[in-house]
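Asks: Chains as they are written, first to last, in my numbering: chain A, 12 to 408; chain B, 40 to 416.
It should be emphasised that the hints constitute simulated quantities derived from the structure, not laboratory data.
Please read these numbers as outputs of a predicted model, since none were measured by experiment.
Chain B is faced by these chain A residues, among others (derived, beta-carbon under 7 Å):
no., residue
1, Pro234
2, Tyr235
3, Ser237
4, Val273
Even for Gly, the Cβ is constructed at its ideal location relative to N, Cα and C.
Spelled out from the first residue to the last, the chains are:
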Amino acid sequence: MGNVILARMGEVTLKGLNRGNFETQLKHNLKWRLRGFGKLDIYQSQSRIWIEPKEEDNPNFADGEAAQDIMKAVTQVFGIVSVSFAVKFEGDFEVIRKEAVEYTRVLLQEHPEYKTFKVEARRGDKSFPMDSREISAEAGGDIIEAFPQLSAKMKDPDFILNIEVRDFNYVYSGKIMAHRGLPVGTAGKGMLLLSGGIDSPVAGYMMASRGMPLECVYFHSHPYTSDQAKDKVIELARIVSGFSGTLKLHIVNFTEIQLDMVRNSPQDMITITMRRVMLQIAERLAQQNNCKCLITGESLGQVASQTLEAINVTNEVVKMPILRPLIGLDKQDTCDISRRIGAFETSILPYEDCCTIFVAKHPKTHPTKDDVINAEKNINIPNMIELGLKDVETIVI
Amino acid sequence: MIYYDNSATTRPCDEVRDLVTEQLASDLFGNPGSLHKLGVAADKEYKRVTASVASILGAKPDEIFFTSCGSESANTAIRGFVSRNKRSGSKIISTRTEHKATLEVLSLLEKEGYEVVYISVGRDGKPDLDQIRENIADCSLMCFTHVNNETGAILPLEDIVSIRNTLNRKCAIYLDCVQSLGKLAIDLGKMGVEMASFSGHKIHGIKGVGVLYVKNNTRIDPLILGGGQQKGMRSGTESLLLASSFEAALSAAVKAREEAYKNIREINSYLRDELAKRGNIILSPDDALPFVLNCSFRGFQSETMLHCLEIYDIFVSTVSACSSKAKKVSYVLLEYGIDRMIASNAVRLSFSRENTMEEAEEFIKTVDEIYAKYLVG
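Could you build all of it, start to finish, from the sequences and the hints given here?
Replies: This is the structure:
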């Protein structure tokens, strides 16, 4: 007998012949994400994954309260839909009904206010002599006998007691929802343009939720942006990596490039020119690191550089697809996701680039091709790209 | 490294370091409240240190209390005074250029029903004496800063004390001496103030110790209650180590004071000239304490200049933090009537006796380099 974590798979189970690949990747990701929680057995049966400690005294499994951290880590692994903390034991139905009553006793100590309940049984082991309806009815009867204050209620009970009969038996109650999606690693890799703001970490999270491993690129302009701003981006990358798995963060020294730009190209086009150069550097880094796309946090119309015209003139400088998962999202929705993934508080730390001198007061919101040609006539873009690629610090997170 | 952020904190001096190291290894660890001989030895030394600090500051030993920092001293003085002297009225005089440790307490007192009259200050940082005259009649307490931490402006203390002595002798004066200690001559017995605060780490001591001066016959309530240490003014086991470190820092500072003042005055005047020559605006008043030099750098936001200097291992400070959203500008400079654009480029250089003329020359050379390399627009 011991405590285990039950994780349910979602979209993965709808896959056809390649379902096995998705499942293998998911188990691999779980193993990586849970590497700090002691030696674990991770095994699968049908649409469920069971996680149990190899050593009996693993403190992360002591009780539901102690398991909060590991459960949260499991919810962050894309491909999992929900997670429960269960008791696992061997034995026939006599043992099961005793365990069901015992489990309820502990639950009622924590929640004396519970008055109604329902038992939901599942039978993976079809040779078991009772069907799930009979198991539910019998165990439910035992519970009412033991705790007369409880009554059965099929709709909206205070708690549901789940019993699963498989190679082993499991009892649990309640579940926490996970982040769903597909296991990271089942899609190709993407290069995320990460700034210190709210949007780009969310964009990374969203693409990772579709199975995409990430690398990140950040453009640093010390002394115009402070080292705290850089630390903040590293922290954001760390938060995203909680979902995406390990990632590389490439920090491009952008100071010289930006100075050249500010001195030799028109002020009202500076953001567009900057983004065009950033995208080209990002594409080269992506190619070098086997990434198949770029990812940005752009949302249509949010700022001057995210109008359709601006997106057109920035988009055209690269061949790789640029994925923009936030393009149709309202800022409020992005903030909600940012809060849900625990990035918001970091994103709003006030270390954004202090280089207001680099941002035009009245930037061009509808740049044309001619504007771009004019903006770039006195600067040497290929040189800038080479300069950027020469001075990159890469951190593995 | 050039360290020009001495108003924020200073490097502990050798005297302090030696004393702390030695005392940590000694038997002087007893609780001064203990009855055995370890405690008695600690108590004896604590009293000696207190008397020594008092004597250097021109006070009596029973007028000196050790606290954890300048802010605690300020809080104890102001809150303790109004709490104990409710009958002497609910009007307080101060300025909006005080340190936050004073302003936040005053703002709390306003919420509790006290009337705080904020005297306006001029471009030179000095409060309008006429406004003080007009308001002092029914006032129970005045809170001022001896030397402003952002600009170095020196308070016309003698004038203020003389106004008080003429118009309302009952009005007490609290003086924040955190920035003036070790730089201006301090003789509490003669200054005419009832309460004053000091901090150890601004005079090459260590963080965690401050001093509160309360003149005999001035009654204030304690902020921290407990075992009744320090005559009930500040409960909590006395730290002989911290008190001794303060004494060591203070002795060293006072010994070096006159020469340091002369030296820093020269450095300050050199930097003023050189910076002004380059089109920068000196925001510190002409007659400010030379240990603080506030300068608005042409074409650089405060924070950008700070980070530029940082590249060259030069450390300064700025109270203006710029983010793309909220631009915070020093409330002190705005109160002086300085234009917001100029204030948002303000950088504070603050010196100590350790700074040299060679550093100042190096600083100017570096500034030139920064302009050549990083100025845009």
